[in-house]
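If you're matching them up, the sequences are chains A and B in order. Residue numbers for the first sequence follow my numbering, beginning at 3 and rising by one. Residue numbers for the second sequence follow my numbering, beginning at 494 and rising by one.
Treat each hint with caution, since some may be false.
[Claimed, not checked] Straight-line distance between alpha carbons at most 25 Å, and here's what the computed SDA-like set of lysine to any residue pairs gives:
id	chain 1	residue 1	chain 2	residue 2
1	A	Lys159	B	Arg613
2	A	Lys119	B	Phe844
3	B	Lys728	A	Asn263
4	A	Lys13	B	Glu697
5	A	Lys84	B	Lys776
6	A	Lys158	B	Asp631
7	B	Lys627	A	Gln284
8	A	Lys12	B	Glu567
9	B	Lys806	A	Arg147
10	B	Lys803	A	Glu141
11	A	Lys348	B	Lys627
12	A	Lys223	A	Pro28
13	B	Lys607	A	Thr118
14	A	Lys12	B	Ser555
15	B	Lys627	A	Glu431
16	B	Lys627	A	Phe162
17	B	Lys653	A	Gly314
18	A	Lys158	B	Tyr709
19	A	Lys32	B	Ser515
20	A	Lys309	B	Leu655
21	A	Lys158	B	Val615
22	B	Lys777	A	Gln150
23	B	Lys627	A	Glu141
24	A	Lys351	B	Thr559
25	B	Lys774	A	Gly314
26	B	Lys728	A	Glu141
[Stated by the list, open to error] Pair ranges (Cβ atoms, derived):
id	chain 1	residue 1	chain 2	residue 2	range
27	B	Thr514	A	Glu398	19 to 29 Å
28	B	Asp846	A	Ile18	20 to 30 Å
29	A	Thr410	B	Lys607	29 to 39 Å
30	A	Pro281	B	Glu775	51 to 61 Å
31	A	Asn122	B	Ala819	31 to 41 Å
32	B	Asp846	A	Lys403	29 to 39 Å
33	B	Asn569	A	Thr133	36 to 46 Å
Hints are computed from structural coordinates only; laboratory data are not their basis. Here a beta-carbon is modelled for each residue, glycine too, at the ideal position from N, C-alpha and C.
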Amino acid sequence: MTVQTMLNRKKAPKIIDAVEFHLALPPYQKYTLKNGVELYTINLGTQDTLMLNWVFFAGNWYEEKNLVAATTNYLLKNGTSKKNAFTINEHFEYYGAYLNRHCQNETAEISLHCLTKHVNELLPVVSELITDSVFPQEELETYKRNMQQRLQVNLKKNDFVAGRLIEAYLFGKDHPYGRYSELQDYDLLQQGEIKDFYKNNYQNGRCIIFAAGKLPDGLIKEIENHFGSLPLHPGKNAAGNIEHKISPAAEKKYKVINDPNGVQGAIRIGRSFPNRHHPDFQKMQVLNNVFGGFFGSRLMANIREDKGYTYGIYSYLLNQIQESGLLISTEAGVEVSDATIAEVYKEMKSLRDEPIGEEELQTTRNFMIGTILGDLDGPFHVAGRWKSIVLNNLDENYFYKGINTIKTITPQELHALANKYLNPEDFYELVVV
Amino acid sequence: MIQFEKFLLTNGLRLLVHKDTSTPMAVLNVLYDVGARDESPDKTGFAHLFEHLMFGGSVNISDFETPLQLAGGENNAFTTNDLTNYHIQLPAENLETAFWLESDRMLSLAFSEKSLDVQRKVVSEEFKEHYINKPYGDVWFKMRELAYKVHPYRWMTIGKELSHIEHAQLTDVKNFFYKYYRPVNAILVVAGNVDPASVYNLAEKWFGSIPAGEKYNRQLPIEPKQTAARKLEVKADVPLDALYKCYHMGTRLDKDYYTVDLLTEVLGEGDSSRLHQTLIKEKKLFSHIESYHTGSTDAGLVVIEGKLVKGVKMEDADRAIEEELAKLKSGLIAEKELVKVKNKTESAILFEDMSVMNRAINLAMYELLGDANLMNTELDKYHAVTAENILTTSQRIFDSNNSNTLYYYSNN
Numbered sequence: 003m004t005v006q007t008m009l010n011r012k013k014a015p016k017i018i019d020a021v022e023f024h025l026a027l028p029p030y031q032k033y034t035l036k037n038g039v040e041l042y043t044i045n046l047g048t049q050d051t052l053m054l055n056w057v058f059f060a061g062n063w064y065e066e067k068n069l070v071a072a073t074t075n076y077l078l079k080n081g082t083s084k085k086n087a088f089t090i091n092e093h094f095e096y097y098g099a100y101l102n103r104h105c106q107n108e109t110a111e112i113s114l115h116c117l118t119k120h121v122n123e124l125l126p127v128v129s130e131l132i133t134d135s136v137f138p139q140e141e142l143e144t145y146k147r148n149m150q151q152r153l154q155v156n157l158k159k160n161d162f163v164a165g166r167l168i169e170a171y172l173f174g175k176d177h178p179y180g181r182y183s184e185l186q187d188y189d190l191l192q193q194g195e196i197k198d199f200y201k202n203n204y205q206n207g208r209c210i211i212f213a214a215g216k217l218p219d220g221l222i223k224e225i226e227n228h229f230g231s232l233p234l235h236p237g238k239n240a241a242g243n244i245e246h247k248i249s250p251a252a253e254k255k256y257k258v259i260n261d262p263n264g265v266q267g268a269i270r271i272g273r274s275f276p277n278r279h280h281p282d283f284q285k286m287q288v289l290n291n292v293f294g295g296f297f298g299s300r301l302m303a304n305i306r307e308d309k310g311y312t313y314g315i316y317s318y319l320l321n322q323i324q325e326s327g328l329l330i331s332t333e334a335g336v337e338v339s340d341a342t343i344a345e346v347y348k349e350m351k352s353l354r355d356e357p358i359g360e361e362e363l364q365t366t367r368n369f370m371i372g373t374i375l376g377d378l379d380g381p382f383h384v385a386g387r388w389k390s391i392v393l394n395n396l397d398e399n400y401f402y403k404g405i406n407t408i409k410t411i412t413p414q415e416l417h418a419l420a421n422k423y424l425n426p427e428d429f430y431e432l433v434v435v
Numbered sequence: 494m495i496q497f498e499k500f501l502l503t504n505g506l507r508l509l510v511h512k513d514t515s516t517p518m519a520v521l522n523v524l525y526d527v528g529a530r531d532e533s534p535d536k537t538g539f540a541h542l543f544e545h546l547m548f549g550g551s552v553n554i555s556d557f558e559t560p561l562q563l564a565g566g567e568n569n570a571f572t573t574n575d576l577t578n579y580h581i582q583l584p585a586e587n588l589e590t591a592f593w594l595e596s597d598r599m600l601s602l603a604f605s606e607k608s609l610d611v612q613r614k615v616v617s618e619e620f621k622e623h624y625i626n627k628p629y630g631d632v633w634f635k636m637r638e639l640a641y642k643v644h645p646y647r648w649m650t651i652g653k654e655l656s657h658i659e660h661a662q663l664t665d666v667k668n669f670f671y672k673y674y675r676p677v678n679a680i681l682v683v684a685g686n687v688d689p690a691s692v693y694n695l696a697e698k699w700f701g702s703i704p705a706g707e708k709y710n711r712q713l714p715i716e717p718k719q720t721a722a723r724k725l726e727v728k729a730d731v732p733l734d735a736l737y738k739c740y741h742m743g744t745r746l747d748k749d750y751y752t753v754d755l756l757t758e759v760l761g762e763g764d765s766s767r768l769h770q771t772l773i774k775e776k777k778l779f780s781h782i783e784s785y786h787t788g789s790t791d792a793g794l795v796v797i798e799g800k801l802v803k804g805v806k807m808e809d810a811d812r813a814i815e816e817e818l819a820k821l822k823s824g825l826i827a828e829k830e831l832v833k834v835k836n837k838t839e840s841a842i843l844f845e846d847m848s849v850m851n852r853a854i855n856l857a858m859y860e861l862l863g864d865a866n867l868m869n870t871e872l873d874k875y876h877a878v879t880a881e882n883i884l885t886t887s888q889r890i891f892d893s894n895n896s897n898t899l900y901y902y903s904n905n
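Throw the hints in and build the complete structure from the sequences for me.
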């Protein structure tokens, strides 16, 4: 008999189960620059590419007026006393480098991706952006006008509108996690307050640096040279001394008409959830996977693959430091929006009523471990994990505890968790049409 | 340099293996030589709908997703005007699971009426989500029809209209499968922490016995040379006026391809590009503008698109773009600008190739173009482009007789 005729296509090949995989988070090396700023390095990889992140504690948590943090972050590269915006952009692009800025809730970043051979041409200019940005009035005006126009376009998109509103319901419109921008907020921005924010939160700000890739000799020294003598401070505790009170909306159900001719409703269903330090957080990540965390989840299997109500439906835990949230998000035809919401609650009920079967749980365990294994591939991904650990004030035990939770959590624990957290009366519900 | 080994199975299936022991993962990628350009004009959107049906169960395996998840794997797929591609990533130890799943759906689908029924709805929702319920969502339906008169690039991958998808029948599905989804029309790439000899054995074991099928020889109408400027005006419920211009360029294998790619970088990719600097920053006519090209296998399009600052007249904005094109057509670009776009390209290639998944997909795509090793000679071709090339190519492409302009006006 040949191999071909023996082939049984109905029988799955043997697999190695996830519990057999030993996942290790490659360690960082930490340096402390002369000014106390901490530099975390991940020296890994085979390619001659680098990623550097300068994380400042300069997110909207620290602003006194809406949009000041985001605007300061955005305009960091729009002019110094020596270079105009064009010269700065041209410099980074000439070396094929990507210089990006991101403003989040507590933190705001500058990130640089470049070929290793060019890094020494780029570090001095990053340093210049941190010490000498001037925020020219003309650049600010152009930014205000263009961002207002972009916002006008986005406000036509139901999913954009829904994303803003649900977080405002969960955390309150005055809380950094729930705050969003209106067109007129841009008109109110003043150059002076941008410059003040820059002075306090960048020039003299709190900063952590991450560097990842196949690190060249001398990189640490170069970073010390360009950043170690700046009047920066070490970063600890992302929230600083500032407290913002969470004030969730009283009303739980909303229907917003955004586009009278709309053919789809943007649906968001969400509740608040404790942060990563809570013992339920990592367990909830497993339950979330079963519920709506990936393509094979119950929400997707039922609402897309069985009913065809939507192109996609997901649930996820918000990536926030102080307080998280559990969100379900989808776009569904207007005529099936109500049915979609009903099915979401049915899936919650089924998780509350009956413990997950062993086979489904094993599939979830293996999928999650496989995904983490893939996510640990390469220096940039490893650095991303470490960044999250450091900024959330955790340590590597958190990573290993998470792996252990995935491998050992029982159907009973998940059942209890569903009964604790998947009750419809705790959820805010929003449809934007 | 991306190393790979190439094998040909007895049924005509091409196999490429790329070994990288620095990752614990493996990727199995299958590319089928069929895209939206192969559809008939009254059944558009079918190649993409079909991609969805590939997840609805195969002849011996009713559920594709669960066994893959059990093996710690994840997968996805995409359809373009030119091709359809499926990729699986999983821990290298469990690679055989990917062979089992992917070979069974090449052998035969389950052809379930239920799956067709559901996926018709899912794709209809995808259509609504991306093209109806979005401001400017219909632009490319109009633009493709303006620029292409005979070539099937005149419709979108999602399909020309919802009704084509809604009317798809199971017989269409079967015919499509047996015409295009055969080993002779496919390319298999396995990459990651794998051993080429064992991969070859696995490929023979799982794919070797699938009937070869008939080679599909594509005979598409060639788009005739455009001889007069085309223009279209549209009014829609959007907040801002927008302007789109398209110019015909050569095919993916045209020797000018690399020049065109750099040309669009010079013109409108990045914050130091010409359109960004002149039209957003200096003249303040646009709030957003960019240029790029479609990069398609058959003759493609160079695109310039932007949103106008409120109050700016469409004609003035258009004229300002023309002035920038005239500058490109009338003098050599500076050496520094040329080096910049080459450096950007080198960097983009290196960053893209960091992911083993991207390397696998790119090997398949280059093999489809004729030779996977093209992947390793790209950078040299970019480096060989001169300022003179940029000049003559701009003159040829940015000819007003080759232009398609869409004025997309805001109603309010």
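To see whether the hints hold, each was checked on the structure:
1. Lys159(A) to Arg613(B): 24 Å, holds
2. Lys119(A) to Phe844(B): 14 Å, holds
3. Lys728(B) to Asn263(A): Distance of about 16 Å is within 25 Å: holds.
4. Lys13(A) to Glu697(B): With Cα atoms ~17 Å apart, Lys13(A) and Glu697(B) stay inside 25 Å; holds.
5. Lys84(A) to Lys776(B): Given pair Lys84(A), Lys776(B) holds - Cα atoms ~23 Å apart, limit 25 Å.
6. Lys158(A) to Asp631(B): The hint holds at about 14 Å.
7. Lys627(B) to Gln284(A): 36 Å, violated
8. Lys12(A) to Glu567(B): 20 Å, holds
9. Lys806(B) to Arg147(A): 17 Å, holds
10. Lys803(B) to Glu141(A): 18 Å, holds
11. Lys348(A) to Lys627(B): Given that 25 Å is the threshold and the Cα spacing comes to 30 Å, the pair is violated.
12. Lys223(A) to Pro28(A): Cα-Cα ~23 Å, so holds.
13. Lys607(B) to Thr118(A): Status violated; Cα separation ~53 Å.
14. Lys12(A) to Ser555(B): 9 Å, holds
15. Lys627(B) to Glu431(A): Status holds; Cα separation ~22 Å.
16. Lys627(B) to Phe162(A): Since the Cα atoms of Lys627(B) and Phe162(A) sit roughly 11 Å apart, the hinted pair holds (cutoff 25 Å).
17. Lys653(B) to Gly314(A): 22 Å, holds
18. Lys158(A) to Tyr709(B): 44 Å, violated
19. Lys32(A) to Ser515(B): Holds: Lys32(A) and Ser515(B) sit about 24 Å apart, inside 25 Å.
20. Lys309(A) to Leu655(B): Measuring from Cα to Cα gives roughly 18 Å; hence the hint holds.
21. Lys158(A) to Val615(B): 23 Å, holds
22. Lys777(B) to Gln150(A): 14 Å, holds
23. Lys627(B) to Glu141(A): Violated, at roughly 30 Å.
24. Lys351(A) to Thr559(B): 22 Å, holds
25. Lys774(B) to Gly314(A): 39 Å, violated
26. Lys728(B) to Glu141(A): Violated, at about 31 Å.
27. Thr514(B) to Glu398(A): 19 to 29 Å: Holds: the Cβ-Cβ distance is about 25 Å, inside 19 to 29 Å.
28. Asp846(B) to Ile18(A): 20 to 30 Å: 28 Å, holds
29. Thr410(A) to Lys607(B): 29 to 39 Å: 37 Å, holds
30. Pro281(A) to Glu775(B): 51 to 61 Å: 57 Å, holds
31. Asn122(A) to Ala819(B): 31 to 41 Å: 39 Å, holds
32. Asp846(B) to Lys403(A): 29 to 39 Å: 35 Å, holds
33. Asn569(B) to Thr133(A): 36 to 46 Å: Holds, since Asn569(B) and Thr133(A) (Cβ atoms, about 44 Å apart) stay within the stated range.
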